[in-house]
Amino acid sequence: GNSVTQMEGPVTLSEEAFLTINCTYTATGYPSLFWYVQYPGEGLQLLLKATKADDKGSNKGFEATYRKETTSFHLEKGSVQVSDSAVYFCALSEGAGNMLTFGGGTRLMVKP
Amino acid sequence: DGGITQSPKYLFRKEGQNVTLSCEQNLNHDAMYWYRQDPGQGLRLIYYSQIVNDFQKGDIAEGYSVSREKKESFPLTVTSAQKNPTAFYLCASSTGSGTGVEGYTFGSGTRLTVV
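For the protein sequence lines, the chains are A and B, in the order given. In this text, residue positions in the first sequence follow this note's numbering: the first is 934, and each later residue adds one. In this text, residue positions in the second sequence follow this note's numbering: the first is 682, and each later residue adds one.
Read the hints as simulated data drawn from the structure, not as lab findings. All values derive from a computational prediction rather than experimental measurement. Be careful, since some hints might not be right.
Calculated cross-link-like contacts (lysine to aspartate or glutamate; reagent style EDC-like; alpha-carbon spacing at most 16 Å) [what the hints assert, rightly or not]:
1. K751(B) - E705(B)
2. K751(B) - D740(B)
3. K985(A) - E696(B)
4. K764(B) - E705(B)
5. K690(B) - E975(A)
6. K1001(A) - D1017(A)
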């Protein structure tokens, strides 16, 4: 079956540091890949997505590239802010029906 | 604007009581989902529905029930059989029949506490 593995958190960074959150996946075909963000006490919001190999999703300074050869979709940001403190979920969707498989989430804490 | 609304935001339940969490969407989505999230944990699927009048159990359906009488609504009942119901509950929706590129739209969640 499909699965998504994320690096365990929490990830603690100082403001303006470079961020990488690793995400690797297992799927039988060619999934679409997503990153969601969850701020404290809220639901999940779609941050970015990529639907085919070598696509780069980007939003709010965050980027992730769909790497089929390494089955990865790592989230990066060049300079994090305190307001980026949240939990980040990687997810995949494969085929009709649109069911998402989520990773376990990675908590990011950014200190001033 | 289209969206998905969960209510109430906070809910308190006495032990032995059933409670119902509301989830309404005006996105014309076919599929709807309920997840449970415990502190510091990921998402666990409770129930999902891909079409009106039909739903399937997820990974942790015991102690929960749902109905899907209307496309817009997918209420979740937490029954007294659920031994540890204190958690954050998230509802989501999607096109359901798409090719998988759309992802989900989530509500803002309901925090249930047993008192």
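When you check the alpha-carbon spacing of K1001(A) and D1017(A), does it fall within 16 Å?
Roughly 27 Å between the alpha carbons, so the hint for K1001(A) and D1017(A) is violated.
Would the hint linking K985(A) and E696(B) be met if the CA-CA limit is 16 Å?
The given pair, whose Cα atoms are some 48 Å apart, is violated under the 16 Å limit.
Decide if the proposed pair is consistent with the structure: K690(B) and E975(A), CA atoms, cutoff 16 Å inclusive.
Within the cut-off at roughly 10 Å; holds.
K751(B) and E705(B) were given as a pair; does the straight-line alpha-carbon distance stay at or below 16 Å?
holds, 10 Å
Would you check the hint for K751(B) and D740(B), treating anything up to 16 Å between C-alpha atoms as holding?
violated, 24 Å
Could you grab the alpha-carbon distance between K764(B) and E705(B) and see if it respects the 16 Å cut-off?
Since the Cα atoms of K764(B) and E705(B) sit roughly 26 Å apart, the hinted pair is violated (cutoff 16 Å).
The structure shown violates the earlier hints numbered 2, 3, 4 and 6.
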